[in-house]
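Colleague: The lines below spell out each chain.
Number of protein chains: 2
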Amino acid sequence: MYYDNNFKDCIDCINNENSVFFGLSNDEKKILSQNYTCSKYKKNEVIYKEGDKPMGLICLSKGKVKIFKEGIGGREQIVRMAKPVGFIGYRALFANENYISSAISIEESEVCVLDKASLLKVIKNNGDFALKLINLLAKELGFSNKRTVTLTQKHIRGRLAESLLFLIDTYGYEEDNKTIKVYLSRGDLANLSNMTTSNAIRTLSSFASEKVIALNGKKIIIKDLKMLQRINRLG
Amino acid sequence: MYYDNNFKDCIDCINNENSVFFGLSNDEKKILSQNYTCSKYKKNEVIYKEGDKPMGLICLSKGKVKIFKEGIGGREQIVRMAKPVGFIGYRALFANENYISSAISIEESEVCVLDKASLLKVIKNNGDFALKLINLLAKELGFSNKRTVTLTQKHIRGRLAESLLFLIDTYGYEEDNKTIKVYLSRGDLANLSNMTTSNAIRTLSSFASEKVIALNGKKIIIKDLKMLQRINRLG
DNA sequence: TGCTATTTGTGTTTTAAAACACCAAAAGTA
DNA sequence: TACTTTTGGTGTTTTAAAACACAAATAGCA
Numbered sequence: 001m002y003y004d005n006n007f008k009d010c011i012d013c014i015n016n017e018n019s020v021f022f023g024l025s026n027d028e029k030k031i032l033s034q035n036y037t038c039s040k041y042k043k044n045e046v047i048y049k050e051g052d053k054p055m056g057l058i059c060l061s062k063g064k065v066k067i068f069k070e071g072i073g074g075r076e077q078i079v080r081m082a083k084p085v086g087f088i089g090y091r092a093l094f095a096n097e098n099y100i101s102s103a104i105s106i107e108e109s110e111v112c113v114l115d116k117a118s119l120l121k122v123i124k125n126n127g128d129f130a131l132k133l134i135n136l137l138a139k140e141l142g143f144s145n146k147r148t149v150t151l152t153q154k155h156i157r158g159r160l161a162e163s164l165l166f167l168i169d170t171y172g173y174e175e176d177n178k179t180i181k182v183y184l185s186r187g188d189l190a191n192l193s194n195m196t197t198s199n200a201i202r203t204l205s206s207f208a209s210e211k212v213i214a215l216n217g218k219k220i221i222i223k224d225l226k227m228l229q230r231i232n233r234l235g
Numbered sequence: 236m237y238y239d240n241n242f243k244d245c246i247d248c249i250n251n252e253n254s255v256f257f258g259l260s261n262d263e264k265k266i267l268s269q270n271y272t273c274s275k276y277k278k279n280e281v282i283y284k285e286g287d288k289p290m291g292l293i294c295l296s297k298g299k300v301k302i303f304k305e306g307i308g309g310r311e312q313i314v315r316m317a318k319p320v321g322f323i324g325y326r327a328l329f330a331n332e333n334y335i336s337s338a339i340s341i342e343e344s345e346v347c348v349l350d351k352a353s354l355l356k357v358i359k360n361n362g363d364f365a366l367k368l369i370n371l372l373a374k375e376l377g378f379s380n381k382r383t384v385t386l387t388q389k390h391i392r393g394r395l396a397e398s399l400l401f402l403i404d405t406y407g408y409e410e411d412n413k414t415i416k417v418y419l420s421r422g423d424l425a426n427l428s429n430m431t432t433s434n435a436i437r438t439l440s441s442f443a444s445e446k447v448i449a450l451n452g453k454k455i456i457i458k459d460l461k462m463l464q465r466i467n468r469l470g
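As given, the protein sequences belong to chains A and B, one line each in that order. The first sequence begins at 1 in our numbering and counts up by one. The second sequence begins at 236 in our numbering and counts up by one.
Hint data in this document are derived by calculation from the structure and do not stem from the laboratory. Among the clues, some could well be false.
[Stated by the list, open to error] Think about it this way: if two alpha-carbon atoms lie no more than 25 Å apart in a straight line, the pair counts; the simulated DMTMM-like pairs of lysine to aspartate or glutamate are: (1) A:K124 x B:D350; (2) B:K297 x B:E343; (3) A:K146 x B:E343; (4) B:K461 x A:E70; (5) B:K297 x B:E280; (6) A:K146 x B:D404; (7) B:K356 x A:D128; (8) B:K453 x B:E410; (9) B:K359 x A:E28; (10) A:K116 x B:D363; (11) B:K278 x B:D262; (12) B:K381 x A:E28; (13) B:K381 x A:E70; (14) B:K374 x A:E175; (15) A:K226 x B:E343; (16) A:K146 x B:D363; (17) A:K132 x B:E285; (18) A:K124 x B:E252; (19) B:K374 x A:E70; (20) A:K124 x B:D262; (21) A:K226 x A:E174; (22) A:K139 x B:E305; (23) B:K381 x A:D169; (24) B:K367 x A:D115; (25) B:K367 x B:E263; (26) A:K226 x A:E175; (27) A:K132 x B:E332; (28) B:K367 x A:D52; (29) B:K367 x B:E332; (30) A:K30 x B:D363; (31) B:K297 x B:D287; (32) B:K359 x A:D128.
[Said to hold, decoys possible] Non-contacting residues of chain A with respect to chain B, defined by C-beta distances greater than 12 Å in every case (computed): (33) D27; (34) K29; (35) K42; (36) V46; (37) I67; (38) G71; (39) L167; (40) Y171.
Quick caveat, the model's predicted, so the values are computed rather than measured. We put the CB at the ideal spot given by N, CA and C, even for glycine.
Between the sequences and the hints, there should be enough to build the whole structure, so can you do that?
Modeller: Now the structure itself:
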């Protein structure tokens, strides 16, 4: 990781129309944009880890990041996948706690960190913005509650199907409109779906032999979305 | 369930020092207290159910409530337990979604419902209050993420131990300082811990024969808290 | 009060998924 | 380039927990 305050993608975090900051006044944007630092991460670099103290609001302007918790025997559970423009580490920041999860880039990524004090100032003075954050957290909590139930109750095939659908939903497709636009290792796919690596590999092969997907290295091509949704629903 | 706007416990939701509303100005409290309805529920009555549209912020002024999601084959997972003074159903309200979980009283309870519009008005005009809610949601999200990992990774004994510690943490002890102050059925204890009823019964008996707890009907008496915490950590 | 329904409790069987063991392929790296 | 490490892949064994089955006790109810 190295610091670099000069690449302009960081501005995106504040001005991008998909950002929660979209709609802030110029004064407010100025407060935020005067207090940030930027950095780049290569693939598989740690952005923060469990136990660290949040230094600000981290915005992902480029790349992809996995957020996971370590459980029994170091086994990791991916709780979220971040894409640009999006925020990471805001839960701990707003809870005034240290991180309870870790964030690692799964491809080359760029982030900027917005100073906490400036952010709090803007929140306090802008009720609509505060409501947006409340809305964001509430949705995230709903997602987490749903995951708890599916990860504990669905069978392996259902869990993997759900993960694939989640990845499509988060990152979309390549230009061919059928290849999922993210390359996870079998191990990460397993960590996302609460299963062992061998079971992820095995179940992926099953899906492939059933012509639900096709595999090409780390690329996953969706051949039968309806069927995948069906497997997701029925378990 | 029946309506009754005259019992004074409802005022508690706004004035109680443990409430997020504590610290609001009199004007703000007035706005909120002018727009609420109260109701009483007997044991095992539905307060809201999955799919319902939230009508306002529900405050529990008396009693105990379980919040759960239905999963595969109707199997329920308890995601939260509410105590007075506390709020229920706020996630869906703030996410502008229908409920994704259901709430059922596990003993006689009293709730009041604060009008959504009035609440939003107060949030928009009081940044500190908004931050309190952001903090509340962020903590709840942390709890949910932790649960996801422990429910999927811990073994039965560890999961049950964690649930018992969670119940102690939430409801505390009776006057004897060792009986958990909530009476859940074995089925509910199972739904809280992601296991079948028979396994909850079996594991409780194991704990009892190991002198970690003692059982007296639905009463659970903690005999060896250190050991219970140990089982929770290692199990 | 007796009758039904639910909850509690225990033994047995089945099964889904982990654990283990091993090899092949690919990707780093010296 | 060869060498090491990581990732992908597959068969076999083991095991934790569900599923099933059936009493006993308790609670709800007419």
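Colleague: So, for every hint listed, does it hold in this structure?
Modeller: Here is what the structure says about each hint:
Annotation: proposed proximity of K124 of chain A to D350 of chain B holds, straight-line Cα distance about 23 Å (limit 25 Å). Using a Cα cut-off of 25 Å, the hinted pair K297 of chain B and E343 of chain B holds, with the two alpha carbons roughly 8 Å apart. At roughly 28 Å between alpha-carbon atoms, K146 of chain A and E343 of chain B are farther apart than 25 Å, so this suggested pair is violated. Between K461 of chain B and E70 of chain A the CA atoms are separated by roughly 24 Å; this keeps the pair inside 25 Å, and the hint holds.
A distance of roughly 14 Å separates the Cα atoms of K297 of chain B and E280 of chain B; the hinted pair therefore holds under the 25 Å criterion. For a cut-off of 25 Å, the pair hint linking K146 of chain A to D404 of chain B stands: about 24 Å separates their Cα positions. Between the alpha carbons of K356 of chain B and D128 of chain A the distance comes to roughly 10 Å, so the proposed pair stays at or under 25 Å and holds. Distance check on the hinted pair: K453 of chain B and E410 of chain B sit about 16 Å apart at the alpha-carbon level, within 25 Å; holds.
Distance hint between K359 of chain B and E28 of chain A is fulfilled; the C-alpha atoms sit about 16 Å from each other, no more than 25 Å. Distance check on the hinted pair: K116 of chain A and D363 of chain B sit about 15 Å apart at the alpha-carbon level, within 25 Å; holds. As the CA atoms of K278 of chain B and D262 of chain B are separated by approximately 35 Å, the hinted pair breaks the 25 Å bound. At roughly 34 Å between alpha-carbon atoms, K381 of chain B and E28 of chain A are farther apart than 25 Å, so this suggested pair is violated.
Our distance criterion of 25 Å between C-alpha atoms is met by K381 of chain B and E70 of chain A, whose separation comes to about 10 Å. Restraint check for K374 of chain B and E175 of chain A: the C-alpha separation of about 39 Å exceeds 25 Å, so the hint is violated. At roughly 46 Å between alpha-carbon atoms, K226 of chain A and E343 of chain B are farther apart than 25 Å, so this suggested pair is violated. Restraint check for K146 of chain A and D363 of chain B: not satisfied, since their Cα atoms lie roughly 30 Å apart, outside the 25 Å limit.
Taken as a hint, the K132 of chain A and E285 of chain B pair is honoured in the structure, with Cα atoms around 24 Å apart against an allowance of 25 Å. The suggested pairing of K124 of chain A with E252 of chain B holds, with an alpha-carbon distance near 22 Å, which does not exceed 25 Å. For the suggested pair K374 of chain B and E70 of chain A, the alpha carbons sit about 18 Å apart, so the restraint of at most 25 Å is met. Distance check on the hinted pair: K124 of chain A and D262 of chain B sit about 19 Å apart at the alpha-carbon level, within 25 Å; holds.
Annotation: proposed proximity of K226 of chain A to E174 of chain A holds, straight-line Cα distance about 19 Å (limit 25 Å). For the given pair, K139 of chain A sits about 18 Å from E305 of chain B by alpha-carbon distance, which is consistent with the 25 Å threshold. Only pairs whose Cα atoms come within 25 Å are accepted, and K381 of chain B paired with D169 of chain A is accepted, the gap being roughly 24 Å. For a cut-off of 25 Å, the pair hint linking K367 of chain B to D115 of chain A stands: about 19 Å separates their Cα positions.
Straight-line distance between C-alpha atoms of K367 of chain B and E263 of chain B comes to about 15 Å, which keeps the hinted pair within the 25 Å bound. Our distance criterion of 25 Å between C-alpha atoms is met by K226 of chain A and E175 of chain A, whose separation comes to about 20 Å. For the proposed pair K132 of chain A and E332 of chain B, the alpha carbon gap of about 14 Å is at most 25 Å, so the pair holds. Of the pairs offered as hints, the one joining K367 of chain B and D52 of chain A holds, with about 22 Å between alpha carbons and a cut-off of 25 Å not exceeded.
Our distance criterion of 25 Å between C-alpha atoms is met by K367 of chain B and E332 of chain B, whose separation comes to about 21 Å. For the hint pairing K30 of chain A with D363 of chain B, the CA-to-CA distance comes to about 22 Å; that is within 25 Å, so the pair holds. Between K297 of chain B and D287 of chain B the alpha-carbon distance is near 23 Å, which keeps this suggested pair within the 25 Å criterion. For the suggested pair K359 of chain B and D128 of chain A, the alpha carbons sit about 6 Å apart, so the restraint of at most 25 Å is met.
Consistency note on D27 of chain A: stated as away from chain B, and its beta-carbon is indeed over 12 Å from all of that chain's, at 16 Å minimum. Remark: the non-interface label on K29 of chain A is consistent with the geometry, its nearest Cβ contact in chain B lying 18 Å away (cut-off 12 Å). Every CB of chain B is more than 12 Å from the CB of K42 of chain A (nearest about 27 Å), matching its label as outside the interface. Separation of V46 of chain A from chain B is adequate, the least Cβ-Cβ distance of about 18 Å exceeding the 12 Å criterion.
The claim that I67 of chain A lies off the interface is violated: its Cβ sits roughly 9 Å from the closest Cβ of chain B, which falls inside the 12 Å cut-off. Under the 12 Å C-beta cut-off, the non-interface status given to G71 of chain A relative to chain B is violated; the minimum distance is some 4 Å. In this structure L167 of chain A is separated from chain B by more than 12 Å, as the shortest Cβ-Cβ distance comes to about 18 Å. With a cut of 12 Å on Cβ distances, Y171 of chain A stays outside the contact zone with chain B, its closest approach being about 21 Å.
The structure fails hints 3, 11, 12, 14, 15, 16, 37, 38 (numbered hints given earlier, in ascending order).
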